[in-house]
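Student: Protein sequences appear in the order of chains A and B. For the first sequence, counting from 1, position 129 maps to 129 in the working numbering; every step adds exactly one. For the second sequence, counting from 1, position 10 maps to 10 in the working numbering; every step adds exactly one.
Hints are computed from structural coordinates only; laboratory data are not their basis. Glycine included, every Cβ here is placed at the ideal spot set by N, Cα and C. You can take every hint at face value.
Listed next, the stretches of chain A that the computed footprint assigns to chain B, with coverage defined by at least 3 CB atoms under 8 angstroms from CB atoms of chain B: (1) 219 to 228; (2) 236 to 243; (3) 249 to 260.
Chain by chain, the residues:
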Amino acid sequence: MIKIDIDKKLHGSNGEMALQVNLEIKQGDFVALSGQSGSGKTTLLRILAGLEKASGEINVFGTAWLDGKKKLPPQERGIGFVFQDYALFANMTVMQNLLYVQKDETLANHLLELTQLSELKNRYPNTLSGGQQQRVSLCRALMKRPKILLMDEPLSALDPDMRTKLQHDILTLHKEFGTTTIMVSHDPSEIYRLASRVLVLEQGKITQDGTTKEVLLHTRGSQKFTFSGELLEIIKADVIYIAVVAIGQQIVEVVVDSHEVKNFTIGQKVQVSTKAFSPSLS
Amino acid sequence: MNTIKATVTEIQNFERISFLELKTQINTLALVALEIDERVKVGTVVTLLVKATNVALAKKRVEDISLSNQLECLIKEIQIGTLLSSVTLHVEENILESIITTKSLHKLDLHVNDKAVALIKASDLSIASIE
Numbered sequence: 001m002i003k004i005d006i007d008k009k010l011h012g013s014n015g016e017m018a019l020q021v022n023l024e025i026k027q028g029d030f031v032a033l034s035g036q037s038g039s040g041k042t043t044l045l046r047i048l049a050g051l052e053k054a055s056g057e058i059n060v061f062g063t064a065w066l067d068g069k070k071k072l073p074p075q076e077r078g079i080g081f082v083f084q085d086y087a088l089f090a091n092m093t094v095m096q097n098l099l100y101v102q103k104d105e106t107l108a109n110h111l112l113e114l115t116q117l118s119e120l121k122n123r124y125p126n127t128l129s130g131g132q133q134q135r136v137s138l139c140r141a142l143m144k145r146p147k148i149l150l151m152d153e154p155l156s157a158l159d160p161d162m163r164t165k166l167q168h169d170i171l172t173l174h175k176e177f178g179t180t181t182i183m184v185s186h187d188p189s190e191i192y193r194l195a196s197r198v199l200v201l202e203q204g205k206i207t208q209d210g211t212t213k214e215v216l217l218h219t220r221g222s223q224k225f226t227f228s229g230e231l232l233e234i235i236k237a238d239v240i241y242i243a244v245v246a247i248g249q250q251i252v253e254v255v256v257d258s259h260e261v262k263n264f265t266i267g268q269k270v271q272v273s274t275k276a277f278s279p280s281l282s
Numbered sequence: 001m002n003t004i005k006a007t008v009t010e011i012q013n014f015e016r017i018s019f020l021e022l023k024t025q026i027n028t029l030a031l032v033a034l035e036i037d038e039r040v041k042v043g044t045v046v047t048l049l050v051k052a053t054n055v056a057l058a059k060k061r062v063e064d065i066s067l068s069n070q071l072e073c074l075i076k077e078i079q080i081g082t083l084l085s086s087v088t089l090h091v092e093e094n095i096l097e098s099i100i101t102t103k104s105l106h107k108l109d110l111h112v113n114d115k116a117v118a119l120i121k122a123s124d125l126s127i128a129s130i131e
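Just chain A, with the same shape it has in the complex (with noise of 0.2 angstroms):
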């Protein structure tokens, strides 16, 4: 079990904040840490990597990682961090990038094998595209055996193809090493690919926790289809009335009888909801 009881001050975009972070996280899990930015979520695995200070308690497996002041060094945590930006050695060839971590060729030509790299051992990170060089940071991430992986927003900056590739070799490493992984991640389809549980930060504290669908489906009552949107325009059309309604990028259409309308002015956020058997996919 991993327990987490934090405290820290933090200087947010909206003045100061406190990052209060208290949870447990099962061993071998598969965590997704959600919110908008600025909430704290890079902070919060800053700290658990030792990269930053915090008051409170970090207990890993029965050892102290935090204890009140005493910390234990970032090198002693046994982590594996994964940056947005790949962060790797440019003047090292991809094997020579893992074997700086630990000095285990057979581990190393392991893991490259895994996420189908091995051809690409002896070439500069330079050379390689942003999805290979972030397979790179992410087999070297695993080179310590780490007992937690901690990747910020992984797969960010690559397009849709890469992202279902990585994915994939995420998953595979995660069940293959037995790790327990923190990810941050906004996008929903990644989140439920990947995660079992997700956790929502909002100003510093937890407001959300539970399983993938529990947080990612929308629900009122039993209507299953429900999006958050910005009631834009009412239109009279014969008795009925149609609603439009922004959601995300795009704007649908709703159409609402006579007594309905009456409890809506054009601003206002609304629930576009219905039941998963009506609409049609195509």
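Given chain A's structure and the hints, the job is docking chain B onto it.
Tutor: Below, chain B alone, put in the same frame as chain A:
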């Protein structure tokens, strides 16, 4: 609006689908949904919701039809439009609105204070809230 209060009398679950039977004072209703909220049990009172465009009308009960819900009602108001018309119905204590084509309204020759039957598919009925 367009809600009906009812008590759950039966729940059947199979794989991820739930089938519910519900009772109002005089009507029996059927509802199909994906994985119903676990707080809903036999005896739970729920508010059901149906979209006005999903309420069809008939002059009297229809035999030989797959549609599960037929509610006897009284027409309280009719708003006749060019293509569509809105018919306000009293079903026990509930008010339902039905939007049908004006052509159908004339074909059925519906008038205020007439009795009618509101037809709703089990999959068009949803649970809006649990009491």
